[in-house]
Amino acid sequence: MHILRIICTKAFLLGTLALVRTPKIIHLGYTIRLTIGKEQNVNTTSPPSKTSTSSLWTARLASLVIIGGLFIGWNSIWIYPFQMLTVFFHELSHAIAALLTGGEVLEFFLDPRQGGHVIHRGGNLIITATAGYLGSLAWGVALFWAAHLSRFDKVINGLLALIILVVPWLLKGQGFALVFCSIFGICLLLTSIKASHWVNDFLLRLIGLSCVLYVPGDIYSDTIARSGTVVSDATNIAELLGGSTMMWGIIWLVISLVILLIMFIQLWKSPGAN
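Quick note: the sequence shown, position 89, residue 89 per UniProt numbering, numbers continuous.
It is worth saying that the hints were derived from the structure and are not from the lab.
Hints are supplied without guarantee of correctness; some may be wrong.
As the list claims (entries may be wrong) - Beta-carbon label-pair distances, calculated as ranges: (1) Val199 to Val254: 31 to 37 Å; (2) His197 to Lys269: 22 to 28 Å; (3) Leu190 to Leu241: 43 to 49 Å.
Just so it is clear, CB atoms sit at the ideal spot from N, CA and C, and this is done for glycine as well.
Construct all of the structure, not just a fragment, from the sequences and the given hints.
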């Protein structure tokens with residue numbers, strides 16, 4: 001009761017003081033508003049805090065570490081699941097393009113030797129054939145920027161895990177596709193639930209960067225280095241639109257490298273999700 005009485009007394013005194021000073025407050029109202037406006041302008045143009053700058057450099061460093069690790073261990077068993085995930089996105093992009101253009105997916109197949117195919121009936125053949133390389137690149141860019149710009153990495157990884165788990169069953173996945181997607185999807189789902197934000201952020205960056213770095217090499221290998229010896233998406237496009245497999249491979253390679261360049265330039269400029 002004593003404490004409550006003191007609080008009430010102070011509130012009363014402050015209220016009384018405010019009433020006594022009201023004319024002065026009204027008289028100075030315009031000046032006060034101007035001052036507040038100036039303070040707001042100063043705040044909006046203030047330099048970033050040390051915390052936000054530190055977070056930005058941490059994000060950049062994490063990305064550089066991932067890129068370095070991918071180049072060093074590209075042929076290791078640790079990178080293999082992420083390479084296969086890029087193949088999954090490649091075939092998923094074919095399937096989505098076929099469905100969106102009125103087709104039907106008859107088979108979704110992944111080969112453990114980092115290959116795969118989608119058999120579909122109907123749909124726009126040009127769009128479907130083009131969607132593979134550029135689609136998997138788009139998945140990688142989107143996932144990387146989701147990690148960089150969002151604080152909901154755990155949620156994003158959870159949703160991605162559900163996509164990986166469900167898609168092969170919906171699209172008549174065969175053999176290895178069901179096994180790989182089940183194992184990777186469950187591991188990713190458990191990570192999204194159990195692991196910290198930073199672990200999920202790092203993993204999401206790793207998935208995105210492994211995709212965007214895999215695609216140019218895949219295009220070069222399939223359409224330029226082994227042109228004429230393997231049937232690729234570029235072969236199908238050449239048959240539909242003319243030109244050679246290598247020509248379409250070079251076009252896709254240039255597009256992918258330009259997108260990569262823009263992405264890394266923007267990474268250096270972007271403040272990210274501090």
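Quick rundown of the hints versus the structure:
1. Val199 to Val254: 31 to 37 Å: holds (36 Å)
2. His197 to Lys269: 22 to 28 Å: Holds: the Cβ-Cβ distance is about 24 Å, inside 22 to 28 Å.
3. Leu190 to Leu241: 43 to 49 Å: 45 Å Cβ-Cβ, so the 43 to 49 Å window holds.
Going through the hint list in order, the structure satisfies each hint without exception.
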